[in-house]
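Trainee: What follows is the residue order along each chain.
Protein chains: 4
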Amino acid sequence: MINIAIVGATGYTGGELIKILLRHPHVRIKHVTSESSPGKRVDDVHSWLKGRCDLRLEKLNIKNLARDTDAAFFALPHGAGGQNIASYVKQGKKAIDLSADFRLRDIKTYQQWYKTKHASPSLVKKAVYGLPEIFREKIVGNGRDRPLIAANPGCYATAVILALSPLLKNNLVDPDSLVVDAKSGVSGAGKKLDLMYHFSEAAENFQAYAVGAHRHMPEIEQTLCEVSGKTVRITFVPHLLPMNRGILVSAYARLNQKATVGQIKHCFERDYSGETFIRFLPEGQWPQTKNTVHTNYCDINLKVDERTNRVIVLAALDNLVKGAAGQAVQNMNLLFGLDETEGLL
Amino acid sequence: MINIAIVGATGYTGGELIKILLRHPHVRIKHVTSESSPGKRVDDVHSWLKGRCDLRLEKLNIKNLARDTDAAFFALPHGAGGQNIASYVKQGKKAIDLSADFRLRDIKTYQQWYKTKHASPSLVKKAVYGLPEIFREKIVGNGRDRPLIAANPGCYATAVILALSPLLKNNLVDPDSLVVDAKSGVSGAGKKLDLMYHFSEAAENFQAYAVGAHRHMPEIEQTLCEVSGKTVRITFVPHLLPMNRGILVSAYARLNQKATVGQIKHCFERDYSGETFIRFLPEGQWPQTKNTVHTNYCDINLKVDERTNRVIVLAALDNLVKGAAGQAVQNMNLLFGLDETEGLL
Amino acid sequence: MINIAIVGATGYTGGELIKILLRHPHVRIKHVTSESSPGKRVDDVHSWLKGRCDLRLEKLNIKNLARDTDAAFFALPHGAGGQNIASYVKQGKKAIDLSADFRLRDIKTYQQWYKTKHASPSLVKKAVYGLPEIFREKIVGNGRDRPLIAANPGCYATAVILALSPLLKNNLVDPDSLVVDAKSGVSGAGKKLDLMYHFSEAAENFQAYAVGAHRHMPEIEQTLCEVSGKTVRITFVPHLLPMNRGILVSAYARLNQKATVGQIKHCFERDYSGETFIRFLPEGQWPQTKNTVHTNYCDINLKVDERTNRVIVLAALDNLVKGAAGQAVQNMNLLFGLDETEGLL
Amino acid sequence: MINIAIVGATGYTGGELIKILLRHPHVRIKHVTSESSPGKRVDDVHSWLKGRCDLRLEKLNIKNLARDTDAAFFALPHGAGGQNIASYVKQGKKAIDLSADFRLRDIKTYQQWYKTKHASPSLVKKAVYGLPEIFREKIVGNGRDRPLIAANPGCYATAVILALSPLLKNNLVDPDSLVVDAKSGVSGAGKKLDLMYHFSEAAENFQAYAVGAHRHMPEIEQTLCEVSGKTVRITFVPHLLPMNRGILVSAYARLNQKATVGQIKHCFERDYSGETFIRFLPEGQWPQTKNTVHTNYCDINLKVDERTNRVIVLAALDNLVKGAAGQAVQNMNLLFGLDETEGLL
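Order-wise, the sequence lines are chains A, B, C and D.
Numbering that gives the first Met the number 0 applies: residue 0 is where the first sequence begins, and numbers increase by one.
Numbering that gives the first Met the number 0 applies: residue 0 is where the second sequence begins, and numbers increase by one.
Numbering that gives the first Met the number 0 applies: residue 0 is where the third sequence begins, and numbers increase by one.
Numbering that gives the first Met the number 0 applies: residue 0 is where the fourth sequence begins, and numbers increase by one.
To be clear, the hints were calculated from the coordinates, so they are not data collected in a lab.
Copies of one chain are not kept apart here, so a pair can be met inside one copy or by any two copies together.
Computed cross-link-like contacts, EDC-like style, restricted to lysine to aspartate or glutamate with a CA-CA straight-line distance of at most 20 Å:
(1) K49 to D270
(2) K49 to E341
(3) K18 to E341
(4) K49 to E274
(5) K49 to E339
(6) K49 to E282
(7) K39 to E282
Generate coordinates for the entire structure from the input sequences, incorporating the hints supplied.
Mentor: In structure tokens:
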């Protein structure tokens, strides 16, 4: 049994973590924290949980966490968790961090994009970018070289990296030609109140935001550089969909040579062979966000546009599951040597 | 007073035409036709019109149309209108065709994309592509050289052409680098029943379709070639949004030199100077489909991604208005020498 | 030309007022006020208005309003307008108040439901409840007896009163048996940020609120008492719909005798004979909110449930138009002796 | 291990059954049938199932079903299953029928409401109305008196009966005063194509349908008569919500005496004491459909409107789960002596 805590349990990601972990056969939730609502019942904040959860929220107390748990999920805004995570992992515990704080290896890049001083820069090298389909071995670790922190990727980042990785790894495309048009449901913005996410503003509406300036770009480029061994610069434009959950990314890249669609598909199938959570779809079936919602799957398909010698890759996932909480549990499973799919099927 | 007919008046575009023309100070609707529902009251088919419209649908009778009207809007599926349009315009009448039948100058291209033999190939050269902001002079005509048919552009095509035209016309971008990611609300699919547009399939869902194979591509490329004088090939991927009305296109292009965003914006402002229906938005305000719905506006803005030397252009419009019925009325105004904005503000 | 002001112009109702009045042939908008955003352009707050409106918001200045305008629409929260309205109308101007402040004749009832001291109790008797289809003569006034203030009804209240009035006026139902189940789109809640109206909470969700305790109850009962001459108590439960605009009320009442559906329909048709904005639908056509959205219509139909001797009346309208801004303009037209439908068709 | 079949597996209910049963620890799905799509893979029809299900659809063959299975879920339209169900259960198997064919005890009532001759009238008395919270003992059966068929209730019916049963059973209300206003998401209509369920017709729209004439009425009244021992006639009006999943019923009843809300709540708590799937909510928390979606819960709360001496009961559930597939599995668990909640938490 793995005893865990969820730090910052009142948001949508926190709720999704509780939902998944309540069904996990090897996990017991010992602490759920909230600085804004200590003392409240979890099933009053997440009212859909009524009858399934008796936990009460508490203020974060690292000593108690260290005493009672083996791992903790930190679902706090960026910059809010750093010191606490440091204290926690120094006591030999594992942390799965859903913020961006430990995703970027270069501290300057982090501070430039997140406009905040990094709270624990020395801990960054003990973190691993928690995308199992790309970095499984690093997450599992090896003898002495075990990560203390799994830095859970951004929701968009997961979809983009999974969509583009085989193309770059197999040198199929020009790394300077990458365009990614991403779309997400509103739950990706969290529970914070903002006119942009007010129902009357977001419903029956569609728009781009953070155009070419989204914070997921550095972690996407860092990872794609790592898998390809090249400098990768993407043009990335996210958009807000008038729906709750789901992300679809449409990625475009110029092919290096006239690789056939068969060859390209073969690379995807080979690179993702055996990956439970990547569904490479049959010919003609395009990923639909609805097919991934409430699952930990990422659905992918591609097409070669022969007229322009481009490949178009489409990838769909649930921003709260494979884009956040589901992937976090997948990382926890790996950190603890469990079946990676435990609690996620 | 211009007497008009609407042929194929029961669909969403037909309904939108009726709505706009009922308010047009110089138009009288004399005939509304439907082969599937002759005899029915228009306000039974379009129940929102109750109290505002006493017309009854009839089977199409070109003789009556020619006798009673000066112009007719043909809102029929592609291939369904050709002969009738020919008979009608041969009697000196004007036709605004909302199908694709007269948009493409090359008959072979038409037949290849629409999988049907063209009903009136000789009439194609008497048609003009009805995008006023690009082809106003051709639509208005000149002495002998007056078009008989305004071929109303496809909804996506209007948005894409307006987004990209200044870039190509002013040689700002590489015509080989164009990627267009388009998204439309479901009304663009019309009233036909298909599982894909069933509420339970389309709501809370997002997906691509007709990937790299959408019928609007040839007319987009034809027009962009015309404005730029170059061969233009685009990668075009449409997507279905879980909402009723609205299109947003996100267009990506590689800049030829290091043109500043100021220079690029200047080209847009100059090319569209005085255009009532193009709103080039202030810095930082991204087009939202909601702001264009129920109007004939196309909202545009752009950004230069300096890291990748690309320009990103976003364009939003209402697929049923500027993408169809509104633009059709705009064309009618031009064909008859009226104020172009009549009935549309 | 009637010069008008809109006080509190940044909310959804304010935006709808601007939209309607920009098209009104006899109105000129001279002032638009906002205490929270003075100096801002109206088309920055209501970005859909870009290109159609050059007005700037200002802080409210009653002196300027009195100097420059003939009438003012007050779209402020309850309790916020009272003194200003008093100052304004004392200078011989007309006010159309969209708050609840002047709807209730009994001050104690007002203070009990709105939990605030009434700012101008003496002015209440100079106000008229602005539901034209019921109180036209009072709104128009008569010689000396002209109202200074049209108290625009609540959105739900309009629908409920129009649905039930003929039943009560003609003594067709037991006034003790009235049950009203009402449903509204989210725009009825306004722009204020609240978790309940956050897209992720309201989308794909449906719930009741203010159960049996909604503030529209006293004005509904006051009006129904007036039209029937009896004490009327209703059970009223509003619900929040996962959509932007539209209200449907489903009203249930026990029939007094075995009145036939024909007789009941005759009463509705007679009572609402000639009413432009009430559409009593044909047999079998049930009101749909969508058919009323962006119009000033209220669609009504009814059915007799013979098994239970009840009548079911359904009424749909657009909460922002017939439920607010449209009705306000209708009232303005009456106050100024214009054609009641001006600007509304 | 219970071997089961799903007859009519391509609809939304069929898909939901597969989803639940794939996770049921004691069930193996041996056959899934479809007359319209035999040979197709289940995960091509229900594409969200990809990677989780290798089954292929087949034409219904009762012999094979009887040979290979212990129980079968019949998810066919009313009138379509009767003979097959008869053949199946005559071989000692259990059937859970999701159609209406075995819900009504009076054949004449069935034929009057469903406009079809009953295929197996003699089998009706061997069926039990499958609402466990009301008829658990009958479903479990007793020695010789074991039902062959669990007639799964209609989705609306489940919510209405659970909402009203304690009121009637405890003689708290006048059985002549019942008004039920029901609202459902579009998935309740199934996959069949109809303009009413076309996204462009159903989105951003709300309307009533089958006013006072919905087929669930006879089974609601049959059941409420049974629990109360009185004749019960309800006025029932369903409405279509612009969302996928979820039902909320708002039920209104006149109280017999001045029972306090405490007393009424006590009856609900007592009658539903220990019921896993009924969540009687705390004071002030109104049922939201979203909290029940993808669960087998029915959330209930109530309020007494003292001014009118009425009680208002609100009940929410997921039309595809507690309203159909979840309840069907609950019934299967009971028929086979398993823990009732197996596979449903």
